[in-house]
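Novice: From the two separate chains plus the hints, produce the assembled complex.
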Amino acid sequence: MTKKTKLQPDKPPRPSHPLRAGAESQKPAGPEPHSSSATPVVGIGGSAGSLEAFKKFFALMAVDSGAAFVVIQHLAPMHESLLAEILALHTQMKVVQAHDALPVEANCVYVIPPKHYLTIREGVLFLAEPVTHDGIRMPIDFFFRSLAEDRQEQAICIVFSGAGSDGTLGVRAIRGAGGLSIVQDPATAQFDDMPKSAVATGLVDLVLSPDRMPESLLNYIRHPYVRGGKPVAVLEAEAEPGGLQDILSLVKAQKGCDFSYYKRGTISRRIERRMSLHQIPNLARYHDLLLHDADEVNKLFTDLLINVTSFFRDPEALEELRQKAIAPLLRAKQSDEPVRIWIAGCATGEEAYTLAILLREEVTAAGKNNAVQVFATDIDAEALELARQGFYPESIEQDVAPERLKRFFLRRDNGYQVRESLRKSVVFALHNLITDPPFSKMDLVSCRNLLIYLNVEAQSKIMPLFNFALNPGGYLFLGKSEGAGQQTDLFEIVSKKARIFHRLIPARPVALETPILPGRITVPPSVVSPVFKPPVAALANMTREAILNHFAASVVLVDRKGHILQFHGQTGKYLNMPMAEPDLNLLDLAREGLSILLRAALRKAIEIKETVLLDNVQIAGDEGSQFVRVTITPAARQGEAEPLLAVIFEDISRPATPAAKQTLTFENYSAVKQLEDELRGTQQELQATIEELQLSNEELRVANEEVVSTNEELQSTVEELETSKEELQSINEELSTVNSQLQDKVEKLDTANNDMANFLKSTEIATLFLDRDLRIKLFPTAITRVLKFIPSDTGRSISDLSINLIDFDLIANARVVVEGGDIIEREVMHADGSCYLVRVLPYLSQENEIDGVIVTFNDITRVMRAERQTRRLATVLTDSNDAILLFDLDGNIITWNRGAQEMYGWSEAEALQMTIRDLTPPEQVAENLDLIRRLLAGETVFSFETRRKRKDGRILDIWLTTTAVRDETGMKIETIATTERDITDRDKAEKGCETFSAREDLKRKISELETVNKELEAFIYSVSHDLRAPLRSVSEFSRIVASDYADRLDEQAKDYLARVHRGAQKMNQLVEALLHLSRISRQKIELTKVDMSKAALAIVAELRQAEPGRSVEVRIQKGLIAFADQPLIEIVIANLIGNAWKFTSKTENARIEFGVRKNESGPASRKGAVYYVKDNGAGFDPEHMEKMFMPFHRLHTDQEFAGTGIGLTIVERIIHRHGGRIWAEGKKDQGATIFFTLIKRQP
Amino acid sequence: MTQTLLIIDDNPDDIEITKMSLARINREIKVTAAPRGEAALEFLRGEKILPALILLDLKMPGMSGFDTLRKIRADERLKHIPVIIVTSSSLEADEKMSYEAGADGFLHKAFDINLFGRELKSVLERWLDK
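Which chain is which? The protein sequence lines are A and B, in order. 10 is the number of the first residue of the first sequence in the numbering used here; add one for each residue after it. 334 is the number of the first residue of the second sequence in the numbering used here; add one for each residue after it.
This is chain B alone, in the form it adopts within the complex (with noise of 0.2 angstroms):
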């Protein structure tokens, strides 16, 4: 079957890079995205299944990265998917908070297109192959 990975973030431009990083690691994912922490929960808490994966952007406007994640990790049906924080943030602060609000991974958005690539796919790697 198919896993699903959901991306939340309001770039398009890096959600489409995102996706044709994926293709390149030749990965069978269906890929969903959303704009913004509100919409993506709406989406989640409707799905019957659920994503395998969730990639989840820290600067958005409304509600915030690490809203989102906590909203997720209170939910009941939501906290066991794993979290990855995908941000161009390169502050450690915002590395650290995002652990301890329950993150279970964090990736750059690198300008090397590369690099990220390399990132991404130790990160499908880990919490995919289950």
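Chain A on its own, in the form it takes in the complex (with noise of 0.2 angstroms):
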């Protein structure tokens, strides 16, 4: 039997793939099909782990191979791949994402895109829906499997890296169309599953570590073989020395098989394919290496043996054959008939298993009982023995349905393994199609894809050779395109589609010759087939039987028992025929006078093993008696446990000896009968007994398959435990993949974080990052001279920190802009006097949504201080009465004040386009240019008297002060500048004399005043402590004169007392009051933060408790918060509330009110907020408003209100010395309003 080569890769399983319908194979005897000479593909697949070797693979892998490459990894189907754009970062080739009806380039690179599988046709890649198996994928089986059938010799696959076993059917079908394979050495691997698993296959051509690859890749494409072009070279050389014939000479004499009935086209190719890969050029050296190398020679047959077959095959085919073949022969079949079944070519057995799963389910469906045997043959020692152990790796769940998995294979690490119940039913031998004889009486033949391997010649020997193996009624089962062949009368078509034939009854008979074909065949040395070994020769019972024919014995050969086995010469002399129903008994047969002894010597010759003589035995003879001698005598049996006995009968004449020897008299002869009666008693009875012993047998036997049927539930358990397991294990896989692409990604984002700190470290433009919400992002530390922030800040909401900026809102700007968007800017004021261009600009994520706010600090304190500087100077420039002039190294008139206007009559503008010799009179310019001059050489001039020219001709004696102007470094001199003073008028000279003096006189008084106002107050202080004490006196002694003398005293003496008293107590209001005012002048200020409307709500707290009775609606306005001294400004609350409590206790619903006036100029006016307190009161006249605030002077008599008159001295007083004003408005009997300001800014 020749071996099955498949050019065919196997089909996907599932029925209604759209990529299948239509897909042509070749014809049985038709032209041999060979690939165009289009680009090599390169299928590359890989799952966790990959990612490192595929970088490592393109990186080495030449641009200009002409290949194409197709990627395929285990991507999770959610996310999107960014493996595309990390391979491009890798090599040169152009590497794109692949999408439906892409043509394949050479020289490119594409990946699969997630959620879909990939299939290539006719060149041009397209896109299909993935296909999944209780969750498992295995994209990179579909697509080389796609790969093998469309690009055949052209087609190479890659495994890479990876769990699981995706790719290994897959390599199995690129070696079977002639391409090449190559895995990864899982040594190299991070995940060594898939590499190991194609590996296992033993189809892999080269195991390489990932950056060996491109070059053994490179010089396989660069070969003739897989450039393309028909095998000429081969085929060509095939009769010359060293050519095919050789070779095929060389495989047979090795292996013992003859490939000389393929076709040539196909081991020309197969051998072409080791060529290339040793890059053998011509076949001649290639003879060469076969001689030399017995391994080369096994990996040659193992090429032209490769046996891609897979399970279910043609899955319509097989259905065609279940409803067309199957059922029909069940139908026809006893109970009790087993179904034969014949598998030719069975390779590695999945098509045997196959159809032995088929014809259980249909015996089960049918309902029948019928066992199933199943032969199955091939040349392929090695797969045959694959085939026993009948373990197959897990992706064979591509090809299995689920519920057969379960129900005839077992679950294993990596793999199921074929339940005994179904290995059962198959029995696999080596068999020879074209050398051995063929089975018979079969029910159904298989020979699929094995026919079109082979010539005309054998094939036609073949079918005749089927049509005896099968039963009349059989069918024949073939490969797709296969055909019957000529021969039409063996066979009749049943279905042409699913290549299912009906044995005819051959017309004439079938001249079968085995071997079908002559040739010296040599079977191979360990080829052993004991089912079909002829039996044993029979010399040996040929010498016997002459033996005992020449020496007449009468020989009969017993079991223990007595049965005869078998007879041999004249017996009947010695034995009856059987009285009743036919029994081969010696014992019951035996002549009388025989048989007892014969049982005793039996037993005898049992149990002593050795040889018993039976002498003079009288027996009853047809022709009276006769003396017989009887040797028993054990005969030798291999292997058997039962001993077997002969039983030597010879006549003998009378004998010479009197007959007393061991003969048994009649008498002995009832007892023995009475023995025997109760022997047959106790064998019925053991007999029960057995019986019973198999009853328990069978209960035993029950109750032993319960427990297998539970082992079996549970053993579906754990199937499913593992199920749950592998799906993890795949969503593991694509996690990894994922990783991968996110670690990459991680990567650049360190690296951009990297650079963002780097930059705000190095930034001296204090930055500040809220987010949304106005919660701290990120600052840099330079904002730690502006806003106090602390690392932990970090997430707080600024509005949690203090923000000691003058007069601006950050929290309400920064929300401004967060909801706006526009940018806001501003020149603010720090507390500690520095200066900031403060910008608020919003935080734009990549969408460009606001996604927070930025504030930067820019300190333009210089700046501004330089401003002010600047604009300080040129008031005092401008409005300089001197002429003041600015002028270039030219004489170009730069600068021109208001003075030299004056002076000169010139305009500014007119002045600008004029230079200095426009101002000389002719005597004076010769003096100018000495002095720029001497300026330049870096002299100090002095001031002088000179002369100028007025605009209207006008003569003018100037005092001349005149300086250098250097620029920013310092060094150069950029330009002059002149002070003139007109001082033709002597009269004007003196007067600024004057100003001047008069303004020294202006010091020098304020200075005294001060003096006298300090030397006044600490007199005011001493004088009012030492009033204080007599004061005390008068007090207290006229009061207890009062008090104590009182009965003696009348009633106008008590009253004089009384005023003392009250006298005394007015004095001491008055010092104290003074006192206080000295203090609150002389007292350091200190400045805070005051809430005032806290302070003002305690006063009122204070009032209320001291007079209850009173109801004032008091509306104190919430948040008054000022820089000031907090209890000087507490006393001025306290003052002003306090009148306002007073003056309306004569008031029905009176009403008091403290707040803040909100100023026309906006909120952040320089002349600070107006505060006041107005109540509606008893008022005052206006008119005498400007005295109000005057020491001791008072509004009303201490008859109308009491009070000393000093109250709003002090508040003024205090109010002043914080840099406010402070002023009254009301009516009479219409309330008081008091207005007070508090400058802003610090002093």
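For the record, the hints were derived by calculation from the structure and aren't laboratory data. Please note that a few of the clues may not be correct.
As the list claims (entries may be wrong) - Looking from chain A toward chain B, a few residues come up when the C-beta cut is under 8 angstroms (computed):
hint, residue
1, R1037
2, A1038
3, R1041
4, S1042
5, S1044
6, F1046
7, I1049
8, N1077
Everything numeric in this text was worked out from a predicted model, so none of it was measured. Glycine included, every Cβ here is placed at the ideal spot set by N, Cα and C.
Specialist: See the structure below:
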């Protein structure tokens, strides 16, 4: 029998795959298929851990190899894949993510998109829906199979690191089509399951580490085998020495298999492939290699035998088979008849198990019980060994339905094991279709995809063989496009599509030759087929026969019970014919006189295992009694437990000795008979016992089966758990892939972050990043100058922290920006006096949404100061009465102030067009030039008198001061400045002096006044202090007199004393007030943030408590915060509110308000906020307003309202010390409002 | 045994007021007065039975209140006597200096006699009822 070589890869198992419809395959006897010279395509498959390998591979892969690369990686379906982008970084070749209907071009890399599978047809990539089996996906197998079919010998596959076994079936398909399969060396793979599983097929050509793959790949691609074209080289060299025939002979000699019956083209291509792998250009050299390398012969043999088979190939054909062949077969069978099938060319057994499963299912479905016997044969001993083991990789899940997997297979690690129940149905045997005789009495013969590789001669001889092997009514099942040949009288077509044929009874007898074809075929020494050995030679038997015949012995061969197994010779003399039913027991048949003796003798012989001799036995013969010698001897029988005995009868003449020896008399006979009866009874009892035992055995068996079935259930639970585990594994792999991609991204992110951090650190501009809720996101160290932040402030809301900016509500502004998005830019003062340009910008995300706020603080203090200084100087300059000019080194006038305009009469616009010369009378020109020269030389020039010319021509005498102005480096002289004073009119000069001295006088006076003031204050203080002691005495003693001497005084005296006392009290109050006032004036002011509203509330509370009877409506504005001295301001508030309280004591519906007036120029006015305390009480005459604040001046009498008249003075003093103003508005009896401001700036 | 209280003050009216306040408090106390610091010291050094409490004015001609206090504190025999400064000064600085100089208490010559009496009472309770 010849081998199967598969050019057709296996189809994916799901029947309705769109790509599969209409795919054509070869015809059996037509021209041999070969691929066109198109681009070789390298399918690359990997899963977990493969990204690194891909990178290495592509980095080294030549960019002009002429091959196209398709990368299939297990991708998580939900994520976008960055694989194409990542790979693009590692190769110069174009890298694209595949889309539907994308033609494949050489030197390009195509990457599988997520959520899809890839196939290739006629060099074009197509996307397909993923096919899942219990959550496990095999995109690599899917693509490789498609690739094998489309590209044939130009298909190359590489399996990289990954878990699971995806790619294994793909490797088989590629190899089956004549392509090249490469696998990543498991030792270099992070996950070595996939590589190992592929390698285990034995069909991998190269096992390499990723960095070595490119070179081997390139060499292979460049070999003519792959480049395409007819295998002319091999065919032409057929008959030459070292040519094809010689090679085949080598193979035949070493492997015992004749491939000369294979189609030439097939063989040639296979040989060429081996040559390309070794990079051998011509056949003779390859033949040489074969001569020296027995291993290469083995490899070539394996290549020629390549078997790509799978479970449930061609499901439609199998369904046809079931309907049109198997079902009818079963119907015709009796219930106990077995169904026998022969599968010729079963290779690694998938097809045999497939048919066995189909049959078993059919039998069960038909409700029958027939045994299924499958005989599966092949010439490839290694393949058969694998078939017998019955262990397949988990990728068979793609081909076998889950219910079948469950029922017929056991789940193991990394694969499936055929169950014992199924395995028992199949017998695998080594059988060569060409040389060995066929099977017989088969119901179904399946021989698929084997005949197409044989030549016509061989095919035509095999058909009769199959016809012979089949029962009448049997079926023949062939592979796609295989036919029954020319002999139409042997088979009729049942299904053309599925290649099912019905056996016909041949019209003429078929001459069956075995071996079919001539040729010196030697059976390889390793072949042993015990089942078909003919029986052992009969020579020994013949010798025995001769001896026995010669000695005319009558022999009977019996077992220990006396059952006769063999007769020899004339035994009739010693044995009767049975009386009733046919019976073959010696002891029953033996003639009288013999049986008893025989029984005893038999027993003895069995016991002692030696020959027993019964001599001189008298038996009743047909012609009277005779004497017989009976020899009972154990008969040798190999391997049998049960001993057999030969009973040899010999006639002897009347014995010499009297019949006293060894005879049993009739008396003994009856005793013996009794014993015999007893024995029989015992035997019957024994029988009964045995039957009972059998019953209990049955029960045990039943129990056992129950246990077995429980066991099976547990098994299936285990399998379910295993499935879940695999799902998790698969998810894990996908996540691993995603993880690799994310790692790349993370690295990039890290770099970006580092850049950001460094940038922030290096920047001097204080920047603050806030998020949408105004929480602090980020800030560089520089900002701590402006705002007191510490690192733990990150994440806190900005409103939690104190911001020492004057007049700038950072929070409100930030909120505006967050909502509105416009940039706010303002100059803002800091509490410590520095000035910042604050910019508030929106923080935009990538989608241009506002994600937060950036606040930058640009320290412009210096700039501000410079500006201020400049402004001041400019003012001085402009307003000065002197003429101040600046002109450049060429004499052009650059600056012209008001003084110059007045002095000279030229306007600024005019003057800026002029030069110094225009102002100089001719006599002074030389002097000017000299002046400039000296200045440039670095001389200091003293002021001097000179002359200038006015617009109207008048000559002026001027006093000139001039300086050189240097540039910012301080080295070069940029301009020249002159200050000129008109001294033509001397009066003017003097006036200047006057003004000057007046100013000096003023200064002096102020200083004097301050001193006086201070002295006064001190005076007041000490006086008031010393006044208090005597006052105390007056007050106290007058009181004591009034109380202790009351009985000695008349009413008048008491009255006077009371006045004295009151007077002293009043004086004391005044003194206290004075003391207070002067203390206020001298006390140091400490400015802090004061909550005036809070203070006011406290004061009102006290007032209410002191006079609980009064009902006064008090409105205090919230949030009245000011920069002031806390205790002093409290005095102000206490006084003002106290006054209001006092002056409304006679008012119904008394109402007091304390608040702040919104200034028209906005909240950030320089003048400061205007606070007010308003009441609707007694009011005052506005005419007397100014006097209100003067010490001791009162607008009411003591009878009207009590008071010292100093409260408001104190308030005024305090307000002034704060740099503010205070004034009042009011009308008589219509209430009063006191207004005051506090300066917003620190003094 | 009746306790003695020494008042050192140059103002006789103030002394009188203090005495009256003491009477109102109902204290069985013998009161001695000295108009100046030097006189007081002489007196103290001569006395066999020392006063249980000294009320000392600050503003006196001659030796000032502080100096007197320091001298008392320097004297081995006298330094354990509790000294309360009684003054019309309302300066915080004076109060601070008093304590620094070794005073045990500080009493204002309050204008309100009732207030003065209450404070005096608590001083007595603190320093005399031991």
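Novice: All the hints need checking, so say for each whether the structure fits it.
Specialist: Checked hints:
no.	hint	result
1	R1037	holds, 5 angstroms
2	A1038	holds, 5 angstroms
3	R1041	holds, 6 angstroms
4	S1042	holds, 4 angstroms
5	S1044	holds, 7 angstroms
6	F1046	holds, 7 angstroms
7	I1049	holds, 7 angstroms
8	N1077	holds, 5 angstroms
The earlier numbered hints are all upheld by this structure, with none contradicted.
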